[in-house]
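Heads up: the sequence lines are chains H and A, in that order. The first sequence begins at 985 in my numbering and counts up one residue at a time. The second sequence begins at 985 in my numbering and counts up one residue at a time.
Bear in mind the hints are in silico, worked out from the structure with no lab data behind them. Some hints here could point you the wrong way.
Because identical chains cannot be distinguished in the list, a pair is counted as satisfied if it fits within a single copy or across any two copies.
To be verified - Derived pair list, reagent style DMTMM-like, types lysine to aspartate or glutamate, alpha-carbon separation capped at 20 angstroms:
1. Lys1033 <-> Asp1069
2. Lys1327 <-> Asp1113
3. Lys1194 <-> Glu1094
4. Lys1323 <-> Asp1311
5. Lys997 <-> Asp1045
6. Lys1323 <-> Glu1302
7. Lys1194 <-> Glu1238
8. Lys1338 <-> Asp1229
9. Lys1154 <-> Glu1238
10. Lys1002 <-> Asp1045
11. Lys1338 <-> Glu1238
12. Lys1338 <-> Glu1301
13. Lys1002 <-> Glu1238
14. Lys1214 <-> Asp1069
15. Lys1085 <-> Asp1025
16. Lys1320 <-> Glu1109
17. Lys997 <-> Asp1276
18. Lys1259 <-> Asp1009
There are 2 protein chains.
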Amino acid sequence: MELKTIENIDIVKSSTTKINEVDFDNISFGNTFTDHMLICDYANGEWQKPIIQPYAPFTIDPSAKVFHYGQAIFEGMKAYKDEQDDVWLFRPEENFMRFNKSAVRMAMPEVPEEVFLGGLKKLLELEKDWVKKGNGSSLYIRPFMIATGPGVVAAPAMFYRFMIILSPAKSYYSGAVKVVVAEHFSRAANGGIGAAKAAGNYSGQFYPTKLANEKGYQQIIWTDDATHTKLEEAGTMNVFFRINDTLYTAPTSERILDGITRKSLIDLAKRENIKVEVRSVLVDELVNAAKDGSLKEIFGAGTAAVISPISGFAYKEEYFELPNVEDSIAMDLKDKLTKIQTKLADDTFGWTVKI
Amino acid sequence: MELKTIENIDIVKSSTTKINEVDFDNISFGNTFTDHMLICDYANGEWQKPIIQPYAPFTIDPSAKVFHYGQAIFEGMKAYKDEQDDVWLFRPEENFMRFNKSAVRMAMPEVPEEVFLGGLKKLLELEKDWVKKGNGSSLYIRPFMIATGPGVVAAPAMFYRFMIILSPAKSYYSGAVKVVVAEHFSRAANGGIGAAKAAGNYSGQFYPTKLANEKGYQQIIWTDDATHTKLEEAGTMNVFFRINDTLYTAPTSERILDGITRKSLIDLAKRENIKVEVRSVLVDELVNAAKDGSLKEIFGAGTAAVISPISGFAYKEEYFELPNVEDSIAMDLKDKLTKIQTKLADDTFGWTVKI
Ligand SMILES: Cc1ncc(COP(=O)(O)O)c(C=O)c1O
Ligand SMILES: Cc1ncc(COP(=O)(O)O)c(C=O)c1O
């Protein structure tokens, strides 16, 4: 795949750069932004000419529907730099398609490929110095769209803003993540918006996660809201369970985000002759597997951390510590996937796209 | 109840007014705003000094968490003017308490009473000319809070903004509202945020409502997401069903907003010796009651329309038209409640509060 560029775009360059103020080796995720951002407004039923301009706050009406009705979606992707200083994206067309699926579910206009991918290409060309080489460095890309149209009436807006902002990132090792299996709270409803990357899906998790944090757990593994018996996904990650030598992960559904890391790991595992079963895993199964020792690993999968190993889980006031496995499938897959993303291994799947 | 005022507040008056440009008799709901707004920022773990200033767009960072994670809540209330030109609120302490309940659920800081109610009092004193007398006129009040803190990390923000904006409104007659009973889509999950007035609860309804609109229905009556057998509430209204001479409305729950209109109507109906039962109504019951003629009325209850009569509902491709009742309980209760709110009837409940 090759990214088409966009010609119909305005570019206003920043007269200064913040790049020298950034300590790229000690950077906390998601808090530093590059010099430029992309903006494209939707008005009168049409996408207007996009503009790349210096990163800065912008003005918006207090009655903008994003503030009142949460009409907002986003994506998360990463750019990597290889040894030849070329910049690469990982399956960007998947993010583009998922973004527009989210848009439809949230009654927002779909963003043209030219603006989303073409605009991103232009932006990355301008910001390529912000993509650092090696050592798990990457540039996190955050495309998002908000309803800027005014009015305190619960109905879709007439005006929207699509933006792309960029944030340099280190590989992040989150430490030993302990999780709680949700018994009461939930993330998504049947027939709800859980499969969309909609803003409203995330803030609802903050309070339950805070309660979990207070008890010493970093994350929650969500279960289905009707019965709380099926394991679904973590906060911003899909979840895999390794029982003996088979990996299990829930099928995607209306309640679960169709993660790009998840589906890449499934393909990669298959190529490596690791058994993967896509099916619902029951909480009871997990508890039993933990008790009889067949539960070897649990890990989250998502763009930000790629793979995040989980060291144990709590359920009904009981805590189950996972064994320390020698032959971690999680670490093996993480290494293989990261090498593909950073062009240190052959991309036999054709997943990487050069800017 | 009396509203305490706030002394520690800055007031910057607008040098002009838009009031003469407004045609108060022909005003569409939620699109016109008064001259001033209230802003109060939360930073460093504390609420700062609030300010009332001219209504205007404000600047915000593109990475503000409200845009990405939907950390946003709101309230909806109304001010009325009586024959003596006094301005009245309806149960404002209920909105204040519900707002802070929503804040807790969304991991946002609670707003002090002094800022929410005291600030509102100051703002209304300044804007009292915008509250028109009689004829169903009112001033719609929209307090809301958004996460202004930056960072594309899914965790609660460190900075928030509380605002109040005001929008003049006419009594709105929505016409004969036809609804669809939800068979697939849903509004809220068990253990989710449905009971909070959180922004994320609303935009998820836009797409299903659009599909309903395309089939000629204006609204959706939501059902429980697990079984779709229990009738819950409408988009921004609680729902009542009149079967024979008894009113039924679902109990509030984690999935249902605890509406102030709903609970006021329950009390009012009881005073009027109308039988009210608070219990889940099943879709099957509704269909059977429609078929055997015992279903007399359905109506939505909420601040914006007070009561919104529903003329029929669709379920499983079948449409059930409601009879034209002579002795509408909906219309009777609406009249009585509106008279209390506008001080045309004795407020035996002590619901109204003078500014
Ligand atoms: C809820 C949720 N699940 C899973 C994921 C993982 O998706 P991806 O691998 O495409 O980043 C994300 C996004 O990061 C997410 O927000
Ligand atoms: C989802 C929902 N249900 C019901 C209501 C009715 O609540 P109230 O009567 O307090 O306005 C509202 C708010 O207007 C609402 O947003």
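Checked hints:
Proximity of Lys1033 to Asp1069 under the C-alpha cut-off of 20 angstroms is found in neither arrangement, the shortest distances being 30 angstroms within a copy and 50 angstroms between copies. Proximity of Lys1327 to Asp1113 under the C-alpha cut-off of 20 angstroms is restricted to the intra-copy arrangement: shortest distance 18 angstroms within a copy versus 67 angstroms between copies. Taking identical chains as interchangeable, the C-alpha atoms of Lys1194 and Glu1094 lie at most 20 angstroms apart only when they sit on different chains, with a minimum of 16 angstroms there against 34 angstroms within one chain. In this homomeric assembly, Lys1323 and Asp1311 come within 20 angstroms of each other (Cα to Cα) only inside a single copy, at 18 angstroms, whereas the closest approach across copies is 74 angstroms.
Taking the shortest Cα distances, Lys997 and Asp1045 sit within 20 angstroms of each other only across copies (19 angstroms), while inside one copy they are farther apart (26 angstroms). For a Cα distance limit of 20 angstroms, the shortest separation of Lys1323 from Glu1302 qualifies neither inside one copy, at 38 angstroms, nor across copies, at 57 angstroms. For the identical chains of this complex, Lys1194 and Glu1238 are inter-copy neighbours only, at 19 angstroms across copies versus 25 angstroms inside a copy, given an alpha-carbon limit of 20 angstroms. Taking identical chains as interchangeable, the C-alpha atoms of Lys1338 and Asp1229 are never at most 20 angstroms apart, the minima being 35 angstroms within one chain and 70 angstroms between chains.
Proximity of Lys1154 and Glu1238 under a CA criterion of 20 angstroms is satisfied in neither setting, with 32 angstroms inside one chain copy and 39 angstroms between copies. Within a single copy, Lys1002 and Asp1045 get their C-alpha atoms only as close as 29 angstroms, which misses the 20 angstroms cut-off; across copies the closest is 16 angstroms, which meets it. For the identical chains of this complex, Lys1338 and Glu1238 are neighbours neither inside a copy (32 angstroms) nor across copies (48 angstroms), given an alpha-carbon limit of 20 angstroms. For the homomeric pair Lys1338 and Glu1301, neither the shortest alpha-carbon distance inside one copy (49 angstroms) nor that between copies (50 angstroms) is at most 20 angstroms.
For a Cα distance limit of 20 angstroms, the shortest separation of Lys1002 from Glu1238 qualifies neither inside one copy, at 41 angstroms, nor across copies, at 46 angstroms. In this homomeric assembly, Lys1214 and Asp1069 never come within 20 angstroms of each other (Cα to Cα): the closest approach is 45 angstroms inside a single copy and 59 angstroms across copies. Only within a single protomer do Lys1085 and Asp1025 lie at most 20 angstroms apart by alpha-carbon distance; the minimum there is 19 angstroms, versus 35 angstroms between protomers. In the homo-oligomer, the alpha carbons of Lys1320 and Glu1109 never lie at most 20 angstroms apart, since the shortest distance is 27 angstroms inside one protomer and 66 angstroms across protomers.
With identical chains, the CA atoms of Lys997 and Asp1276 are never at most 20 angstroms apart, being 61 angstroms at best within one copy and 71 angstroms at best between copies. Within a single copy, Lys1259 and Asp1009 get their C-alpha atoms no closer than 37 angstroms, and across copies no closer than 69 angstroms, so neither meets the 20 angstroms cut-off.
Checked against the numbered hints given earlier, the structure breaks hints 1, 6, 8, 9, 11, 12, 13, 14, 16, 17, 18 and satisfies all the rest.
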